[in-house]
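Number of protein chains: 2
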Amino acid sequence: MIPAEVPERRYAILAEGWFTNRHAKTAHGLIRYGKDEVVAVIDSTLAGRSVLDVMPELERDAPIVGSLEEAPSPTSVLVGLAPAGGRLPEEWMQTLRQAADAGLEIVSGLHQRFAPEFPGGKVWDVREPPRDLPLFSGEGFGVQPKVALTVGTDSAIGKMTATLEIERAAREAGVRSEFVATGQTGIIIAGWGVCVDAVVADFIAGASEQLVLEAADRGADLILVEGQGSLGHPAYSGVTLGLLHGSCPDCLILCVAPQDEEVFAGVPRPAVARAARLYEEVASLVKPAPVVAVSANTRGLDDAGAREFMAAVADETGLPAADPFRGSSGPILEAVLEAPKTRPTRAQP
Amino acid sequence: MIPAEVPERRYAILAEGWFTNRHAKTAHGLIRYGKDEVVAVIDSTLAGRSVLDVMPELERDAPIVGSLEEAPSPTSVLVGLAPAGGRLPEEWMQTLRQAADAGLEIVSGLHQRFAPEFPGGKVWDVREPPRDLPLFSGEGFGVQPKVALTVGTDSAIGKMTATLEIERAAREAGVRSEFVATGQTGIIIAGWGVCVDAVVADFIAGASEQLVLEAADRGADLILVEGQGSLGHPAYSGVTLGLLHGSCPDCLILCVAPQDEEVFAGVPRPAVARAARLYEEVASLVKPAPVVAVSANTRGLDDAGAREFMAAVADETGLPAADPFRGSSGPILEAVLEAPKTRPTRAQP
Chain A
256 MIPAEVPERR YAILAEGWFT NRHAKTAHGL IRYGKDEVVA VIDSTLAGRS
306 VLDVMPELER DAPIVGSLEE APSPTSVLVG LAPAGGRLPE EWMQTLRQAA
356 DAGLEIVSGL HQRFAPEFPG GKVWDVREPP RDLPLFSGEG FGVQPKVALT
406 VGTDSAIGKM TATLEIERAA REAGVRSEFV ATGQTGIIIA GWGVCVDAVV
456 ADFIAGASEQ LVLEAADRGA DLILVEGQGS LGHPAYSGVT LGLLHGSCPD
506 CLILCVAPQD EEVFAGVPRP AVARAARLYE EVASLVKPAP VVAVSANTRG
556 LDDAGAREFM AAVADETGLP AADPFRGSSG PILEAVLEAP KTRPTRAQP
Chain B
256 MIPAEVPERR YAILAEGWFT NRHAKTAHGL IRYGKDEVVA VIDSTLAGRS
306 VLDVMPELER DAPIVGSLEE APSPTSVLVG LAPAGGRLPE EWMQTLRQAA
356 DAGLEIVSGL HQRFAPEFPG GKVWDVREPP RDLPLFSGEG FGVQPKVALT
406 VGTDSAIGKM TATLEIERAA REAGVRSEFV ATGQTGIIIA GWGVCVDAVV
456 ADFIAGASEQ LVLEAADRGA DLILVEGQGS LGHPAYSGVT LGLLHGSCPD
506 CLILCVAPQD EEVFAGVPRP AVARAARLYE EVASLVKPAP VVAVSANTRG
556 LDDAGAREFM AAVADETGLP AADPFRGSSG PILEAVLEAP KTRPTRAQP
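Chains A and B supply the protein sequences, listed in that same order.
When we follow my numbering, the leftmost residue of the first sequence carries the number 256, and every step to the right adds one.
When we follow my numbering, the leftmost residue of the second sequence carries the number 256, and every step to the right adds one.
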């Protein structure tokens, strides 16, 4: 689950021509939330400037350089964005070959696997699932730390970032917490994890359970699991439910957004209160996990609009609502800390 | 999706020492429900007897012989049961090598893959998913035939057999119907299908949708999809939900059994009415699919007990209940035929 070849990474981020592209969210996530050092971003179109100069919201600075040679002693090169059409352009592959020849690790969250391209090199294909994953065993039912999982009314609604912000707030409050990454960007940020949508279907729950057991072994008192997909997304709901049951959460944080978008053509986002109730009901077939707070992604609203939306959501659900990107994760963290541990359904009093 | 190497199979079933074992359900299913011919069962401990002599409930006869040489011109050898511990014993592998040398096809539903063992031979590893499965596209929303899916209060509760019996009843009633196989035994019976629990998690719904599109291409007016797992089974619920959304059913048949068993240690079977309501609610996040009938597996009950159980279930749910293994699939088929086609949630009036 944890690639051990490079214990302390120093990243050069390969971002030639696209560093400020919004699809470069793995690069941005690594800079803002990553535990590892970022020694440089490689993008010759911005060479000489700095990360905070170009994207102040990333909160951590690094030089932007024109080539790999100019990056100050990296251990690892991140490939964070696939161009439309799939395979990397030959120019990027040249940089990666140069990195491999220099003994650097290549880290990729793309669907394309790089290990076969660089035989003998250090390659971390983040989406590649571990071998010999077990089926769900039930061991997760007995885990000691409290487990909270983010779920959503849609996919791509900000579950990963909400989880990271709440985990950061927990650490700042002195709670021994652990972020459990279940997708490629989260894994690169955390340095460990499993892409639960990349495992064989029979093992979604088993992989999710193993992640929680691993987080418990790391000494956490509070485990915050990054959710995936949505219970009502026809393409990804299987992954969502396998993660919901497999990670054995004690409580849920429901991630919502104000836009009345469709989850999928013909399929609307469910109402917030209905989504909360359904997540709870489906979870409680196995183990109760009440929704204790709503994380509202209010990007695009002004302050007044955001306040209004959060008040409406709180009113609809009777739950605390906050936007961890705007202001504070406090009310959400408080609700999570107050939630009790739960036991499997049969064992309920 | 359909291995084309052997268009009309004539099976020899390799069952040395275990033909009457209850775990040999792939062999039994192929004999009772299979579209392909079965020319012999190989089990030297029963040689000279016949299938109906030993297991009359299988409804189709074939000679039991002591060795592959005695089987009358098979095209294919089925390996239907894995011994405890995993790999096949050397004695069985010898028979398979002999079959491969004779140009016969080896058909296996085991987790172990046989293609690498017999390079150049004809091998159908039934659990091996097709390459290049697409993500869910929504094309299934527009499929013309009616689609019914079996779901259950538990895994291993008889969904496959119920689906096969209802499909047989439909054919006997003159309905152009197609059984959609989603697990290894069903696939060997039908001669095509995909093990939806063996695909990469992201593709559960896409694989399920492709199966329904394929069944529609085959000219069916009624598509009966074999369900997998259970919404409340912590190990398999992801596969269950991916199949529920991906196959775009218009209605559901809920499979139940009288035993008050646990789904998983600590996790009870849900009450029948609650399970029905939850399946409907989760389906309707994407596309409504009402539960229109209950298929009761009353094995182990006497006739009076079975009638009593079916009456209780019908009373609890307000739905027709029948045991397709005992008496008739008629009430279930009737309810399915009466159910309307449905459209995705946004498109509802």
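In case anyone wonders, no lab produced these hints; they're calculated from the structure.
Treat the hints with care, since some could be wrong.
Unchecked claim - If the Cβ cut is set under 7 angstroms, some of the chain A residues that face chain B in the computed set are:
| # | residue |
| --- | --- |
| 1 | P374 |
| 2 | G376 |
| 3 | G493 |
Unchecked claim - Cβ-Cβ distance ranges computed for the label pairs, FRET-style:
| # | chain 1 | residue 1 | chain 2 | residue 2 | range |
| --- | --- | --- | --- | --- | --- |
| 4 | B | P595 | A | G393 | 52 to 62 angstroms |
| 5 | B | E563 | A | R598 | 25 to 35 angstroms |
| 6 | B | L592 | A | D557 | 32 to 42 angstroms |
| 7 | B | E563 | A | K596 | 35 to 45 angstroms |
| 8 | B | P385 | A | R277 | 29 to 39 angstroms |
| 9 | B | E394 | A | G272 | 29 to 39 angstroms |
| 10 | A | Q353 | B | R532 | 40 to 50 angstroms |
Backbone N, C-alpha and C fix where the C-beta goes; we use that ideal spot for every residue, glycine too.
Okay, the hints, checked on the actual structure:
1. The interface hint given for P374(A) is violated, since its Cβ lies 20 angstroms from the closest Cβ of chain B, which is over the 7 angstroms cut-off.
2. Interface hint status for G376(A): violated, as the beta-carbon distance to the closest one in chain B is roughly 25 angstroms, over 7 angstroms.
3. About 3 angstroms separates the beta-carbon of G493(A) from the nearest beta-carbon of chain B, less than 7 angstroms, and the hint is met.
4. A C-beta distance of roughly 41 angstroms is found between P595(B) and G393(A), which places it outside the suggested range of 52 to 62 angstroms.
5. Evaluation of the 25 to 35 angstroms hint for E563(B) and R598(A) yields a pass: the beta carbon distance comes to about 34 angstroms.
6. L592(B) and D557(A) have their C-beta atoms about 55 angstroms apart, which leaves the hinted 32 to 42 angstroms range violated.
7. Taking 35 to 45 angstroms as the suggested C-beta distance range, the pair E563(B) and K596(A) conforms, at roughly 41 angstroms.
8. Between P385(B) and R277(A), the C-beta spacing of about 34 angstroms keeps the proposed range 29 to 39 angstroms intact.
9. Between E394(B) and G272(A) the beta carbon distance is about 35 angstroms. The supplied range of 29 to 39 angstroms therefore holds.
10. Range check, Q353(A) to R532(B): Cβ separation about 60 angstroms, and the 40 to 50 angstroms hint is violated.
This entry does not satisfy hints 1, 2, 4, 6 and 10, going by the numbered hints stated previously.
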